[in-house]
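**Student:** Sequence:
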Amino acid sequence: MNSRSLPVVKTGIPDFDAILRGGLPQNRLHLIEGAPGTGKTTIAQRFLLQGIECGERCLYVTLSESTEELTSAAMTHGWSLDGIDILEVVPEEEDLGRQQTVLYPAEVEFGQTISRITAHIAKVAPARVVIDSLSDLRMLAHDPLLYRRQLLALKRFLQGRKITTVVLDDLSGKSDGNPHSLVHGVIALEQLERDYGKARRRLRIVKMRGTDMQTGWHDFSITPQEVFVFPSLIADEHRIEIVGAPVRSGIAGLDKVLNGGLDRGTSTLLVGPSGVGKSSMALCFAMAVVRQGEYASYFTLEETFENFSCRAEALGIPVKSAVEKKQLGWRLTNPSRLSPGEFVWQVRREVEDKGARLIVIDSLNSYLGTIEEEQTLILQMHELLTYLNNQGVVTILILAQRGIVSDVQNPIDMSFLSDNVVLLRYFEAAGELRKALSVVKRRTGAHDNAIHEYRVLPNGMQVGPAISGLQGIFTGVPTYTGSRHTLMNGDHDARE
Numbered sequence: 001m002n003s004r005s006l007p008v009v010k011t012g013i014p015d016f017d018a019i020l021r022g023g024l025p026q027n028r029l030h031l032i033e034g035a036p037g038t039g040k041t042t043i044a045q046r047f048l049l050q051g052i053e054c055g056e057r058c059l060y061v062t063l064s065e066s067t068e069e070l071t072s073a074a075m076t077h078g079w080s081l082d083g084i085d086i087l088e089v090v091p092e093e094e095d096l097g098r099q100q101t102v103l104y105p106a107e108v109e110f111g112q113t114i115s116r117i118t119a120h121i122a123k124v125a126p127a128r129v130v131i132d133s134l135s136d137l138r139m140l141a142h143d144p145l146l147y148r149r150q151l152l153a154l155k156r157f158l159q160g161r162k163i164t165t166v167v168l169d170d171l172s173g174k175s176d177g178n179p180h181s182l183v184h185g186v187i188a189l190e191q192l193e194r195d196y197g198k199a200r201r202r203l204r205i206v207k208m209r210g211t212d213m214q215t216g217w218h219d220f221s222i223t224p225q226e227v228f229v230f231p232s233l234i235a236d237e238h239r240i241e242i243v244g245a246p247v248r249s250g251i252a253g254l255d256k257v258l259n260g261g262l263d264r265g266t267s268t269l270l271v272g273p274s275g276v277g278k279s280s281m282a283l284c285f286a287m288a289v290v291r292q293g294e295y296a297s298y299f300t301l302e303e304t305f306e307n308f309s310c311r312a313e314a315l316g317i318p319v320k321s322a323v324e325k326k327q328l329g330w331r332l333t334n335p336s337r338l339s340p341g342e343f344v345w346q347v348r349r350e351v352e353d354k355g356a357r358l359i360v361i362d363s364l365n366s367y368l369g370t371i372e373e374e375q376t377l378i379l380q381m382h383e384l385l386t387y388l389n390n391q392g393v394v395t396i397l398i399l400a401q402r403g404i405v406s407d408v409q410n411p412i413d414m415s416f417l418s419d420n421v422v423l424l425r426y427f428e429a430a431g432e433l434r435k436a437l438s439v440v441k442r443r444t445g446a447h448d449n450a451i452h453e454y455r456v457l458p459n460g461m462q463v464g465p466a467i468s469g470l471q472g473i474f475t476g477v478p479t480y481t482g483s484r485h486t487l488m489n490g491d492h493d494a495r496e
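Numbering (the UniProt record's numbering), first residue to last: 1 to 496.
Watch out, some of these pointers could steer you wrong.
[To be verified] Calculated pairs, DSS-like style, for lysine-lysine (alpha carbon to alpha carbon, straight line, at most 30 angstroms): (1) K256 x K441; (2) K162 x K10; (3) K435 x K320; (4) K155 x K207; (5) K198 x K162; (6) K354 x K325; (7) K354 x K10; (8) K10 x K123; (9) K10 x K256; (10) K123 x K162; (11) K326 x K354; (12) K354 x K198; (13) K198 x K10.
[Unchecked claim] Label-pair distances were calculated between CB atoms; the ranges are: (14) G275 x L417: 20 to 26 angstroms; (15) F474 x G431: 32 to 38 angstroms; (16) L192 x E226: 44 to 50 angstroms; (17) V124 x L171: 26 to 32 angstroms.
Note that these hints are calculated values from the structure, not bench results. We put the beta carbon where it would ideally sit given N, CA and C, even for glycine.
Kindly generate the complete structure, drawing on both the sequences and the hints.
**Tutor:** Here it is in structure tokens:
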């Protein structure tokens, strides 16, 4: 049976269904495994609640938790388990009221536990069943061969009654008997603890017979109301025709240096030391898009809206009004509470749901803090930028270099992923600390190779004509040897 003809059931988690290419194959046995606390019970409850919404009979078989514990756990998400039949299975030797004075034979006890489960299933006739958990059954069986034989018999019993079943396994007391070969699908859950901040949850589909599921790890989050899965991005699956003129900043000198602005479907890296004006330059482009009647989105991982808006208003940029009118999206993202997959998902929502034509990510330094492995960051960012380019979005990335005026270093090299690179620097001349920019890369066409001084003034940003006599801009210690008359004055107007 191929993936097109295999019927599926929804899990109640839309993006999880997307990874599964529709949902869990119907009338099959599926295993969700992971250490305690990874989210197995929560996902299983959501699976059954979806069944109730579809008018199906649902059964939760528990060998370790009471009905009250399961109900309380569901209530923390605002869920009610009303309508779900719950069967508590207490092994004989654990029933203190009937505990015997002699050892109960393990094989008999295990067989009776399985019989109680199958008898109740036959009585209730559910369409969906959750069995929690295999680890309890495994400890009852003692013998791996007996355990495997009973699992196989249970699988045949469930499939014979056309039941879609999810079994949970916390991987404790792992032994031979390997249920992977018996079940139709295997989903692995994992929780990664960070040195600081929120733990990162992720899942992967180890196997799913007869389906074209999306492989690899996918971040997910359990919130007080819902379970969200963030599918790993495949950029080539999202491509549209790119239309529209280049995005201009509205700063005459800057647009001239960039040979007309930033082309649609390109990414631009603004790199320089802290305080040099990278965020202000990015904001000028974002507001230029807003003035054209398009939607822009600004992601910041470092700054509150109060600071952001005060800084913008000081430059004469009315961001408060634009945000209130939903012309400019502004999102403060806490890197210590966010997974990389969730960040990508948030960016996609701005593009696909709100039609963002320009995205600012401020900054890559903070985003780097969400991923410990540098190579993983590069791979994720490459896929995200490719996706945004395929959507015709203008992307602006901000990277703060370490140091101010000497020994300036990049925390990570992202220049090869960007279509355009604009380098911003401090330099000293005429008794003042000044700023200079240069375009060191523009993949889609020619650009001005000269170095230009610029100023950030109360009426906005201004870029002056090319200046000569500035040496060492790439080393982080620029030295100006030219004439003072070629420098910008405090009241300098932007010149072509």
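**Student:** Now tell me, hint by hint, if it's right for this structure.
**Tutor:** Hints, one by one, checked against the model:
1. Between K256 and K441, the direct Cα distance comes to roughly 15 angstroms. Compliance with the 30 angstroms bound is thereby established for this hinted pair.
2. Restraint check: the Cα-Cα separation between K162 and K10 comes to about 16 angstroms, which is no more than 30 angstroms; the hinted pair holds.
3. Distance check on the hinted pair: K435 and K320 sit about 28 angstroms apart at the alpha-carbon level, within 30 angstroms; holds.
4. Distance check on the hinted pair: K155 and K207 sit about 17 angstroms apart at the alpha-carbon level, within 30 angstroms; holds.
5. Proximity of K198 to K162 is assessed by CA-CA distance (about 40 angstroms); at most 30 angstroms being required, the pair is judged violated.
6. Only pairs whose Cα atoms come within 30 angstroms are accepted, and K354 paired with K325 is accepted, the gap being roughly 13 angstroms.
7. Between the alpha carbons of K354 and K10 the distance comes to roughly 26 angstroms, so the proposed pair stays at or under 30 angstroms and holds.
8. The straight-line distance between the Cα atoms of K10 and K123 is roughly 24 angstroms, inside the 30 angstroms bound, and the hint therefore holds.
9. A C-alpha spacing of about 54 angstroms is found between K10 and K256, which places the hinted pair above 30 angstroms, so the restraint is violated.
10. For the suggested pair K123 and K162, the alpha carbons sit about 14 angstroms apart, so the restraint of at most 30 angstroms is met.
11. At most 30 angstroms may separate the alpha-carbon atoms for a hinted pair to count; K326 and K354 meet this at roughly 10 angstroms.
12. Taken as a hint, the K354 and K198 pair is honoured in the structure, with Cα atoms around 28 angstroms apart against an allowance of 30 angstroms.
13. In summary, the hint linking K198 to K10 is supported, as the alpha carbons are separated by about 29 angstroms, within the 30 angstroms threshold.
14. Between G275 and L417, the C-beta spacing of about 25 angstroms keeps the proposed range 20 to 26 angstroms intact.
15. For F474 and G431, the hinted distance range of 32 to 38 angstroms is not satisfied, since their beta carbons lie about 24 angstroms from each other.
16. About 21 angstroms separates the C-beta atoms of L192 and E226, a value inconsistent with the hinted range of 44 to 50 angstroms.
17. Between V124 and L171 the beta carbon distance is about 29 angstroms. The supplied range of 26 to 32 angstroms therefore holds.
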